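Starting from the known structure of chain A, arrange chain B on it as the hints suggest.
Sequence order for the protein chains is A and B.
According to this note's numbering, the first sequence holds residues 1 to 548 in order.
According to this note's numbering, the second sequence holds residues 549 to 949 in order.
It is worth saying that the hints were derived from the structure and are not from the lab.
The structure displayed is predicted, hence computed values, not measured ones.
Among these hints, one or two may not hold up.
[Said to hold, decoys possible] Ranges between beta-carbon positions, derived for each pair:
| id | chain 1 | residue 1 | chain 2 | residue 2 | range |
| --- | --- | --- | --- | --- | --- |
| 1 | B | D630 | A | P512 | 52 to 58 Å |
| 2 | B | G677 | A | P74 | 54 to 60 Å |
| 3 | A | A99 | B | A581 | 44 to 50 Å |
Glycine included, each C-beta is placed from N, C-alpha and C at the ideal position.
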Amino acid sequence: MSSRRFFDRRRPSGRAPTKHRFGPGHLLLAVLAGAGYLLLSYIPLAGSELWLNVAWGSWILEHRALPSADPFVPLAAGMEVVDGEWLSQVILAAVDRVAGGEGLSLLFTLTVLATLLFLARACFVAGGSLFAGTLGALAILALAWGRFAALRPQSFGLLCFTALLWLVAANGAGDDEEEGAEAPKGRRLMLGVPLIFVLWANLDASFAAGWALLGCLFLGRVIDVLRRTRSPRAVLADSAMRRWLYVLEMAVAATLVNPYGVRLLVATHSAPGMDNLRQLPDWQPLEILGPGGRGLALSCVALLFLLRASHRRLAAAHVLLLLVFGWVAAHGTRFLGWYGLVFALVLAPHLADILDRWQQGRAGLWLADLARPSKIYLPLAIVLVWIALIFSPLGGAVLGHEGRTPRQLYGAAAPLALAEHLRDDPPRGLVLAPRHWGDWLAAQGPPGIELLATSGAGRIPRRVWRDHQRVAAGDAVWPRLLDRYRVETAVVDKAGQPNLAEAMRRAADWRPIYEDERAMVLARSLPEASPAAGSAEEPASPAPEAGP
Amino acid sequence: MSGAGARPRAALGGTTFVALQVVVIAAAVAWGAHLAARLEARRALPTLRAEPLAVGPLYDDPQVISDGDLRRVLARLPLTGDAPPIAQVDHSLRLWGRRPPFADPGQLPSWEMQRRLLDHRQFVLVHPGAQAPLLLDDPEGTGVGVRVGADDGAASHVDHTLATLAEIGMPLSTPVRTALRETTAREILERSLADFSLNQSEVEWSALAYALFLPPANRWVTSEGQEMSFDRLSERLMRERLPDGVCSANHRLYGLATFLRVDQQMTAGGEAPILANASRRRIVEFLKQATSAFVRHQHPDGFWNFDWPRAAPAAAEPTERDGDRLSDRIIVTGHVLEWWALAPGEVQPPRPVVRAAARWLIDRVDRLEDADIQRYNSFLSHAGRALALWRGRLPEEVELE
Numbered sequence: 001m002s003s004r005r006f007f008d009r010r011r012p013s014g015r016a017p018t019k020h021r022f023g024p025g026h027l028l029l030a031v032l033a034g035a036g037y038l039l040l041s042y043i044p045l046a047g048s049e050l051w052l053n054v055a056w057g058s059w060i061l062e063h064r065a066l067p068s069a070d071p072f073v074p075l076a077a078g079m080e081v082v083d084g085e086w087l088s089q090v091i092l093a094a095v096d097r098v099a100g101g102e103g104l105s106l107l108f109t110l111t112v113l114a115t116l117l118f119l120a121r122a123c124f125v126a127g128g129s130l131f132a133g134t135l136g137a138l139a140i141l142a143l144a145w146g147r148f149a150a151l152r153p154q155s156f157g158l159l160c161f162t163a164l165l166w167l168v169a170a171n172g173a174g175d176d177e178e179e180g181a182e183a184p185k186g187r188r189l190m191l192g193v194p195l196i197f198v199l200w201a202n203l204d205a206s207f208a209a210g211w212a213l214l215g216c217l218f219l220g221r222v223i224d225v226l227r228r229t230r231s232p233r234a235v236l237a238d239s240a241m242r243r244w245l246y247v248l249e250m251a252v253a254a255t256l257v258n259p260y261g262v263r264l265l266v267a268t269h270s271a272p273g274m275d276n277l278r279q280l281p282d283w284q285p286l287e288i289l290g291p292g293g294r295g296l297a298l299s300c301v302a303l304l305f306l307l308r309a310s311h312r313r314l315a316a317a318h319v320l321l322l323l324v325f326g327w328v329a330a331h332g333t334r335f336l337g338w339y340g341l342v343f344a345l346v347l348a349p350h351l352a353d354i355l356d357r358w359q360q361g362r363a364g365l366w367l368a369d370l371a372r373p374s375k376i377y378l379p380l381a382i383v384l385v386w387i388a389l390i391f392s393p394l395g396g397a398v399l400g401h402e403g404r405t406p407r408q409l410y411g412a413a414a415p416l417a418l419a420e421h422l423r424d425d426p427p428r429g430l431v432l433a434p435r436h437w438g439d440w441l442a443a444q445g446p447p448g449i450e451l452l453a454t455s456g457a458g459r460i461p462r463r464v465w466r467d468h469q470r471v472a473a474g475d476a477v478w479p480r481l482l483d484r485y486r487v488e489t490a491v492v493d494k495a496g497q498p499n500l501a502e503a504m505r506r507a508a509d510w511r512p513i514y515e516d517e518r519a520m521v522l523a524r525s526l527p528e529a530s531p532a533a534g535s536a537e538e539p540a541s542p543a544p545e546a547g548p
Numbered sequence: 549m550s551g552a553g554a555r556p557r558a559a560l561g562g563t564t565f566v567a568l569q570v571v572v573i574a575a576a577v578a579w580g581a582h583l584a585a586r587l588e589a590r591r592a593l594p595t596l597r598a599e600p601l602a603v604g605p606l607y608d609d610p611q612v613i614s615d616g617d618l619r620r621v622l623a624r625l626p627l628t629g630d631a632p633p634i635a636q637v638d639h640s641l642r643l644w645g646r647r648p649p650f651a652d653p654g655q656l657p658s659w660e661m662q663r664r665l666l667d668h669r670q671f672v673l674v675h676p677g678a679q680a681p682l683l684l685d686d687p688e689g690t691g692v693g694v695r696v697g698a699d700d701g702a703a704s705h706v707d708h709t710l711a712t713l714a715e716i717g718m719p720l721s722t723p724v725r726t727a728l729r730e731t732t733a734r735e736i737l738e739r740s741l742a743d744f745s746l747n748q749s750e751v752e753w754s755a756l757a758y759a760l761f762l763p764p765a766n767r768w769v770t771s772e773g774q775e776m777s778f779d780r781l782s783e784r785l786m787r788e789r790l791p792d793g794v795c796s797a798n799h800r801l802y803g804l805a806t807f808l809r810v811d812q813q814m815t816a817g818g819e820a821p822i823l824a825n826a827s828r829r830r831i832v833e834f835l836k837q838a839t840s841a842f843v844r845h846q847h848p849d850g851f852w853n854f855d856w857p858r859a860a861p862a863a864a865e866p867t868e869r870d871g872d873r874l875s876d877r878i879i880v881t882g883h884v885l886e887w888w889a890l891a892p893g894e895v896q897p898p899r900p901v902v903r904a905a906a907r908w909l910i911d912r913v914d915r916l917e918d919a920d921i922q923r924y925n926s927f928l929s930h931a932g933r934a935l936a937l938w939r940g941r942l943p944e945e946v947e948l949e
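Just chain A, same shape as in the assembly (with noise of 0.2 Å):
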């Protein structure tokens, strides 16, 4: 039985439709919409991972190839790399160079509200309601607006995501078909979903989680057939079942469509650099106290409540993507985005169940009076988006007007006169710096810059990654690490790292270059390291005596 839709195009009192087709709900949208776009607009472009798949996408535009190495850190030398991201990194470094950092802002906007919108197609076509799927879209921003704060590899891993659900939610996704039900054909399933993967592949390694959303609806579908007919035979004749089988082995083929092929499924999931990326504070359990935890407890406390008072049955399926997903996020905090994508799905359903019986009762008459479609609404939709265009940044500049500055682009703590500086007066050897500048100098800074370590742990050798977090601490063996690893220059941040600033100030064989209000820069001389071949003097030696 599908459930009637609020703001639905047919009258609650059983009249004829109107011949407009826009209803306050589509201009709600289009407000929500319009607002998103332009506050999304004027984010800085925050978070070091974009300025160090900046630089890898500079380096592959560059050399037409993809690294063996890691370009920036010539201590990773021998590490596999497999640049699961490249195709991310790409976009994001020719959106660079042609755009800048507007470009890049524009980029950031348009994928987040893309995500948004897809994640609002997909609950409005789950739930039937128009108002659950915006409702849907505005949960996950509070749950997990700091997955999407900042534009990254996995950004367009979110947007996959949400595509996909879209698509499984126009395919009944969780239904609970009756017995004898005909399933839908699926064929922009099954053409729509290999596509997905092939790109997802490529743009981000995050291609998993849709491995298990397809597969929680296959096995769901399987719970729920077992559960009605208690027939395997059932089961195996079932056609959505089959379908969604179907659906995932083609999910799995298609990821191997990328310049790795199968080493990319293993490399993501078991390479040693695992053991760095675990000490990250994105991939750390979630606290239940911490602001992660927190939101998860009370999704879950929301959705009790809304199952209760919903007349919707939970599908197997769902109940399988509320715990795979959940158990996932619980484990890092890095995936609580997936798992507010897949609790807004799951929610809608149930929301727009509750909405509707709502709707039945006198205060909902008087609002679906009220929300009548008219030809009023599709104007002022324009009218409200044009103006949050016009306020843009994009906006600004079709008309002419000044643009934002570095600092309102980057924010504030980006070290835009640091990189600068470097550029003018390149760096000698192996350069120190925090893991956030790391990344920013390999992007901004000067070309060529060999870094001790940036952020991407995954691709660097456990020990160097420990020493650097050591000596970036202030640790009081600092001096015997710079000095294995060769450093010839130190960029510290002053605020972040008191302890190392003020012991790099002291030491005796470091002196300062260069420092502004966040900034320090030293250097020391070391002699040549391994000398290329035939510079050396020749020592005064005669011949050697015979031998035994």
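Just chain B now, kept in the frame of chain A:
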């Protein structure tokens, strides 16, 4: 979704569908197993030599040290005492190799030193108060480790014991007894390879042991996922400035000289070299530069101290300054003679430099009290070995007085 209708029939019958899925899944599993095997092979330890390569002396110069002086110096160097520290035992075993017992029963014979290092029962008898076993064993892990520490029951450097076994020609089948089981020296090498990181605090002895036990194998992947080769190891040995590194960087230089010799041996034997041409050239230039610094900064009396890359020692007599004590001078002078004795001609200093250094060492050993000989035994082991090598032989081949 629409309501009732005829039951939808799937395109494939149930049996056909199951058969198709079985084929697909079996193919995926087989491919996955094949991939896992390839990955395992890539990460597997390299094939090891049962017996280590031998890198012998190149020169025999009686003007560096006479037969009589050599016998007299070496006769003073055997280790004595009931329970000398493991670090000294390690060094002394390296000096004497697999020599037959000394005439003096108070001098620690090679077989006893070997037992103390490789047999946990003997180790416990000699060092009952040791804070931990010397041999670290975990049957669920990979191989046997050798504990490194500052106490008497620990080795002084990472993989020093392993390198000692390699240099004295012990095969990997040499029995080893830990607190848990009996095994062989192979497990010590395997543990070293499994734990190795290019940027660990000390790589000098690991590199040496690998150069003697691995060729013709030249590549392996560490547990960090980094592909290792002797080219990469040599870059690591040359990376830090001089004289950073144990014993004023001389172990780095010794390791590089050994690489050159092994590389030559492999090429001469018709096998693949362990170094790329460019690496070999860089090593030679690096050692030439080091030799040049030694030549420039030798004290007129023939010795060096820890300042050797920058300056000659100021005073003829040792001082209490770090790097200029008597022990420091013995360390540097003994070590440099030792690696020069193995190094090819292209990195040799003028012979008078070698002779002056040898003269100083002989004179010092003659003047040292017995107690000081024991106290500086580890450092003097290098000096004794160096002097023997400059006469074209190993200390174990010299008849003592």
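A quick look at each hint next to the structure:
no. : hint                         : in the structure
1   : B:D630 to A:P512: 52 to 58 Å : 56 Å, holds
2   : B:G677 to A:P74: 54 to 60 Å  : 46 Å, violated
3   : A:A99 to B:A581: 44 to 50 Å  : 48 Å, holds
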